[in-house]
Amino acid sequence: MHELGIASNIIEIAIDSIPADLNNMPVEKINLKLGKLSSVVAESLKFCFVTLIPGTRLEGAELSIEEVPVTAKCKKCNFKWIVSEPVFVCKKCGSGLIDIISGRELDISSIEIADN
Amino acid sequence: MEIKVVKKVLDANNEIAMQNRKMFSENKVFTINMMSSPGSGKTSILEQTLSMITPEIKAAVIVGDICTTNDAMRIAATGVPAVQINTDEFGGDCHIGAHFIKKAAAELDLENIDLLIIENIGNLVCPAEFDIGENLRVVALSVTEGEDKPVKYPLMFRVCDAVLLNKMDLLPYLDYKIDEAVKNIKMIKHEMPVFQMSAKTGQGFQPWIDWLKKMANVE
Numbered sequence: 001m002h003e004l005g006i007a008s009n010i011i012e013i014a015i016d017s018i019p020a021d022l023n024n025m026p027v028e029k030i031n032l033k034l035g036k037l038s039s040v041v042a043e044s045l046k047f048c049f050v051t052l053i054p055g056t057r058l059e060g061a062e063l064s065i066e067e068v069p070v071t072a073k074c075k076k077c078n079f080k081w082i083v084s085e086p087v088f089v090c091k092k093c094g095s096g097l098i099d100i101i102s103g104r105e106l107d108i109s110s111i112e113i114a115d116n
Numbered sequence: 117m118e119i120k121v122v123k124k125v126l127d128a129n130n131e132i133a134m135q136n137r138k139m140f141s142e143n144k145v146f147t148i149n150m151m152s153s154p155g156s157g158k159t160s161i162l163e164q165t166l167s168m169i170t171p172e173i174k175a176a177v178i179v180g181d182i183c184t185t186n187d188a189m190r191i192a193a194t195g196v197p198a199v200q201i202n203t204d205e206f207g208g209d210c211h212i213g214a215h216f217i218k219k220a221a222a223e224l225d226l227e228n229i230d231l232l233i234i235e236n237i238g239n240l241v242c243p244a245e246f247d248i249g250e251n252l253r254v255v256a257l258s259v260t261e262g263e264d265k266p267v268k269y270p271l272m273f274r275v276c277d278a279v280l281l282n283k284m285d286l287l288p289y290l291d292y293k294i295d296e297a298v299k300n301i302k303m304i305k306h307e308m309p310v311f312q313m314s315a316k317t318g319q320g321f322q323p324w325i326d327w328l329k330k331m332a333n334v335e
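If you read the protein sequences in the order shown, they are chains A and B. No gaps in the numbering here: position 54 of the first sequence is 54 in the working numbering, and each next residue is one more. Plus 116 on top of the position in the second sequence (first one is 1) and you've got the working numbering.
Simulated from the structure, these hints should not be mistaken for laboratory data. If you're wondering where the values come from, they're calculated on a predicted model, not measured in any experiment. Just so you know, not all the hints are guaranteed correct.
Stated by the list, open to error - Using 20 Å as the maximum straight-line C-alpha spacing, the simulated SDA-like pairs for lysine to any residue come out as follows:
| no. | chain 1 | residue 1 | chain 2 | residue 2 |
| --- | --- | --- | --- | --- |
| 1 | B | 302 | A | 11 |
| 2 | B | 124 | A | 35 |
| 3 | B | 218 | B | 247 |
| 4 | B | 123 | A | 102 |
Said to hold, decoys possible - Partial selection, computed: residues in chain A whose CB lies under 7 Å from chain B:
| no. | residue |
| --- | --- |
| 5 | 8 |
| 6 | 10 |
| 7 | 37 |
| 8 | 78 |
| 9 | 84 |
| 10 | 87 |
| 11 | 88 |
| 12 | 110 |
| 13 | 111 |
Where a beta carbon is used, it is the ideal one built from N, C-alpha and C, also for glycine.
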């Protein structure tokens, strides 16, 4: 629901990350890691990104989203697994005391700029 | 050419949330972020809670809404300082961001407050994502909603520290299965306390109040 604000943050961070010596080169891609447990919808985010970039330094760039699975680790038996449905209970020993290791990412990993 | 960035998109929010947390801690203010879907009874729960803890505990409330000051007026009627945040001036946000709290807190006399309750915007999705500098998160759920709300909105129930299951007085008129609702909550977070209550009758409030005082370390 807040994808427009998130897209705007992404654009701001990406523009700030462009090295000064490459300031005239087109930005081709923004690589984003998006955890599946985060409350951001990839398709909506892309839509907002495309809507916002005309007229900015990122015009024409693609937002490439890598979805990160939700992984959990049992606090009792240390078993690690990928959570594919909303059940946060250890698949091995049945304990409900678990840590979420990944799945909440909303991180820009890199930007790609044309070389010439 | 690929340029590594490695930056969290919500860094700007998280940075302000950290500042808020430091400011609250320096002023010895315990802060609760209360979330729920619209209409689950957050404001009624607050009214009942405040009537049971004040004036012994010096409380204050920040109320978030997209529009209107109705909720703040209801809280102010209890005699507790209340600050209303309307996000529509800033674009009709679906959640309270840390910067709203920073601004609202400036209107409160933090030195004379022990407990600050922030009533977030009614929404089970977005507020779960945004740290605002709170110490504790609670989610209100009412028995007029589906038993499967916790599994439909796993992040919200995963990030919260307690569930306030409200409108228990309506149970005789509904087909609501309490056991199933509690089972669904525990599936998302095993150790989650669930307080069954009715803000209308006051039923079931004492365990919640006791827990709240214990967590906030105030008597």
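Here's how the hints hold up against the structure:
Simply put, residue 302 of chain B and residue 11 of chain A have alpha-carbon atoms about 38 Å apart, too far for the 20 Å limit, and the pair is violated. For a cut-off of 20 Å, the pair hint linking residue 124 of chain B to residue 35 of chain A stands: about 12 Å separates their Cα positions. Straight-line distance between C-alpha atoms of residue 218 of chain B and residue 247 of chain B comes to about 12 Å, which keeps the hinted pair within the 20 Å bound. Using a Cα cut-off of 20 Å, the hinted pair residue 123 of chain B and residue 102 of chain A holds, with the two alpha carbons roughly 16 Å apart.
Because the beta carbon of residue 8 of chain A sits about 10 Å from the nearest beta carbon in chain B, more than 7 Å, this interface hint is broken. For residue 10 of chain A, the shortest C-beta to C-beta distance to chain B is roughly 6 Å, which falls under 7 Å, so the interface hint holds. Hint status for residue 37 of chain A relative to chain B: holds, with the closest Cβ pair at about 5 Å, below 7 Å. At its closest, the beta carbon of residue 78 of chain A sits 17 Å from a beta carbon of chain B; the interface hint therefore is violated under the 7 Å criterion.
Look at residue 84 of chain A: its Cβ only gets to about 12 Å from chain B, farther than 7 Å, so that hint breaks. Here the hint on residue 87 of chain A is kept, as its CB sits about 5 Å from the closest CB of chain B, short of 7 Å. A distance limit of 7 Å between C-beta atoms decides the matter here; for residue 88 of chain A the minimum to chain B is near 6 Å, and the interface restraint holds. Given hint, residue 110 of chain A at the interface with chain B, holds; its Cβ is 5 Å from that chain's nearest Cβ, closer than 7 Å.
Interface hint at residue 111 of chain A: satisfied, since its Cβ lies 5 Å from the closest Cβ of chain B, which is below the 7 Å cut-off.
Against the hints set out earlier in the document, violations occur for numbers 1, 5, 8, 9.
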